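Student: Single-letter residue listing:
2 protein chains.
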Amino acid sequence: MSNIYKDVISNSGITINQNKDLYSFNLDTILLYNFAKVVKKGKIVDLCSGNGAIGLSLASKTKAHIYLVELQKELSHLAETSILDNDLTDQVTSINDGIKNVQRHLHHDSIDMIVCNPPYFTSKESTHIKNNPVLAIARHEIKTDLSEVIYSIKVLLKENSHAYIVYRPDRLSELFNVMSEQKIQPKRIKFVRSHNDDNANLVLVDAIKTVKTASLVVEPDLVMYNGDQLSSEAKKIIEGL
Amino acid sequence: MSNIYKDVISNSGITINQNKDLYSFNLDTILLYNFAKVVKKGKIVDLCSGNGAIGLSLASKTKAHIYLVELQKELSHLAETSILDNDLTDQVTSINDGIKNVQRHLHHDSIDMIVCNPPYFTSKESTHIKNNPVLAIARHEIKTDLSEVIYSIKVLLKENSHAYIVYRPDRLSELFNVMSEQKIQPKRIKFVRSHNDDNANLVLVDAIKTVKTASLVVEPDLVMYNGDQLSSEAKKIIEGL
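Protein chains in written order, with our numbering: chain S, 18 to 258; chain R, 18 to 258.
Accuracy of the hints is not assured; some may be wrong.
In this list, chains with the same sequence are indistinguishable; a pair is considered to hold if it fits within one copy or across any two.
[To be verified] Each computed EDC-like pair below joins lysine to aspartate or glutamate, with the alpha-carbon atoms no more than 16 Å apart:
1) Lys229 - Glu142
2) Lys171 - Glu198
3) Lys229 - Asp187
4) Lys204 - Asp187
5) Lys207 - Glu236
6) Lys207 - Asp187
7) Lys90 - Asp38
8) Lys207 - Asp223
9) Lys23 - Glu97
10) Lys117 - Glu165
11) Lys204 - Glu176
12) Lys200 - Glu176
13) Lys117 - Glu158
14) Lys160 - Asp114
15) Lys141 - Asp162
The hints are simulated quantities; they were obtained by calculation from the structure and are not laboratory data. Treat the numbers as computed from the prediction; the structure is a model and nothing was measured.
Please model the entire structure based on the sequences and the hints provided.
Tutor: This is the structure in structure tokens:
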């Protein structure tokens with residue numbers, strides 16, 4: 018399998034097996050990993066975990082048990098090789114199943130923290146990746162959708178625990194509406210832009226499972242570039258300094 | 018009436034009668050005035066218009082007829098003196114009534130554009146302005162609330178017409194949820210911060226009455242200060258350059 022290569026997020030020390038023919042982790046993954054405030058113990062779920070990049074890397078920050086939930090066999094298998102390579106079989110468990118079946122593997126109201134990089138695009142949105150079904154499923158709402166993702170987060174999380182989600186700003190209103198239906202309240206958001214004067218191209222969301230009314234904090238933006246150069250903040254995140 | 022003084026928004030040329038004892042227009046008003054994309058003809062409503070500062074100033078940019086809807090008699094009266102002073106009786110009409118009665122004065126589905134600076138604070142939120150009932154009603158949801166405001170916008174607007182709203186970021190999720198219930202879709206938002214590295218303290222929302230799915234643009238922030246100095250962008254808006 019010559020298309021496999023190893024990569025590391027933000028200097029975490031955890032090596033991630035990637036396969037360019039499938040779906041490699043990208044900037045979204047690194048940003049979400051850095052945005053999340055990691056619980057020190059208990060149970061963490063990486064929902065729609067792909068090759069497990071975020072969940073695996075979190076093992077460098079916590080003693081919590083980490084579950085990687087991924088529908089696609091090829092990606093789950095890749096994550097399993099990374100678990101072995103990093104000697105993390107005691108701390109990280111791969112669950113190769115769809116999120117609609119997640120309660121077959123994990124109890125409701127049992128999870129202390131969730132990270133989730135869900136498919137961003139609706140199944141209707143045009144795609145140039147039809148010849149790559151693994152990537153298509155990772156990016157598009159083909160096998161799951163936003164409502165199902167947020168519902169699963171609601172079911173799994175303990176009361177007052179947090180979920181960290183990376184998403185597209187153009188679907189922010191929809192995200193908030195679906196969250197509200199499930200009593201998941203956004204508490205903190207951060208927009209990511211290429212440059213100061215660009216529209217936002219990503220949004221990072223820290224949400225809490227609570228029946229209380231939320232008070233949302235819109236944090237300073239993360240601006241990736243200063244002219245042609247990575248901004249100092251982006252550099253710190255990417256290099257894990 | 019020695020507490021009356023005259024002020025101008027952004028070099029519009031329209032003088033606004035203000036009364037410091039009641040409620041004066043402030044930065045929110047100026048920002049909303051500048052954020053709104055003004056229709057050139059038809060009918061505009063300034064909902065919760067206070068002393069009419071935004072609606073009156075818009076007369077400098079459009080030939081549309083402008084309706085100022087304000088519950089509070091003292092503020093409506095002040096707006097009426099400004100209409101006279103600026104010789105705008107043919108273009109601007111003051112409606113001194115609560116927004117729940119707005120259909121007594123204006124037909125549903127008849128308005129081409131709405132600007133609205135609604136009360137930001139719930140009636141429960143603590144206030145230091147209990148000794149100023151006019152200001153309390155302008156700022157707090159005492160006589161109206163978000164649902165009523167958005168409902169009125171839905172009723173008044175023509176299909177595919179825009180409403181421009183200034184609001185608090187900490188209630189953004191609630192705003193989006195209420196909008197969604199009324200088929201008012203946010204199309205474009207801009208956060209306002211004091212400094213680059215501050216949390217947002219205002220959000221400007223451009224929303225459209227439509228049954229279609231929205232695609233939201235999160236525009237570059239408006240950053241008011243660069244150190245101790247007004248930023249060049251803020252200066253342009255405030256000075257109307």
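Student: Under a CA distance limit of 16 Å, which applies to Lys207 and Asp187: within one copy, between copies, both, or neither?
Tutor: Cα proximity of Lys207 and Asp187: in one copy and across copies (14 Å, 13 Å).
Student: Up to 16 Å between alpha-carbons, please classify Lys117 paired with Glu165: within, between, both or neither.
Tutor: Cα proximity of Lys117 and Glu165: one copy only (7 Å, versus 38 Å across).
Student: Under a CA distance limit of 16 Å, which applies to Lys23 and Glu97: within one copy, between copies, both, or neither?
Tutor: within (14 Å within a copy, 71 Å between copies)
Student: Evaluate Lys229 and Asp187 at a C-alpha cut-off of 16 Å and name the case that applies: within, between, both or neither.
Tutor: between (26 Å within a copy, 14 Å between copies)
Student: Within a copy, between copies, both or neither: where do Lys171 and Glu198 come within 16 Å Cα-Cα?
Tutor: within (10 Å within a copy, 22 Å between copies)
Student: Between copies, within a copy, both or neither: which fits Lys204 and Asp187 at Cα up to 16 Å?
Tutor: For Lys204 and Asp187, the Cα distance is within 16 Å only across copies (9 Å; inside one copy 19 Å).
Student: One pair to classify: Lys207 and Asp223, alpha carbons no more than 16 Å apart. Within, between, both, or neither?
Tutor: within (9 Å within a copy, 20 Å between copies)
Student: Given a CA cutoff of 16 Å, do Lys141 and Asp162 count as a within-copy pair, a between-copy pair, both, or neither?
Tutor: Result: close within a single copy only, 12 Å intra versus 37 Å inter.
Student: Give the relationship of Lys207 and Glu236 under a CA distance limit of 16 Å: within one copy only, between copies only, both, or neither.
Tutor: Classified as both: same-chain Cα gap 5 Å, cross-chain 13 Å, threshold 16 Å.
Student: My question is about Lys90 and Asp38: at a cut-off of 16 Å on alpha-carbon distance, are they close within one copy, between copies, both, or neither?
Tutor: Result: close within a single copy only, 14 Å intra versus 68 Å inter.
Student: Classify it for me, Lys204 with Glu176: is the Cα-Cα distance of at most 16 Å met within a copy, between copies, both or neither?
Tutor: within (14 Å within a copy, 33 Å between copies)
Student: Using 16 Å as the alpha carbon limit, work out where Lys200 and Glu176 are close: within a copy, between copies, both or neither.
Tutor: Answer is within: at 10 Å inside a copy they meet the 16 Å cutoff, but 31 Å across does not.
Checked against the numbered hints above, the structure violates none of them.
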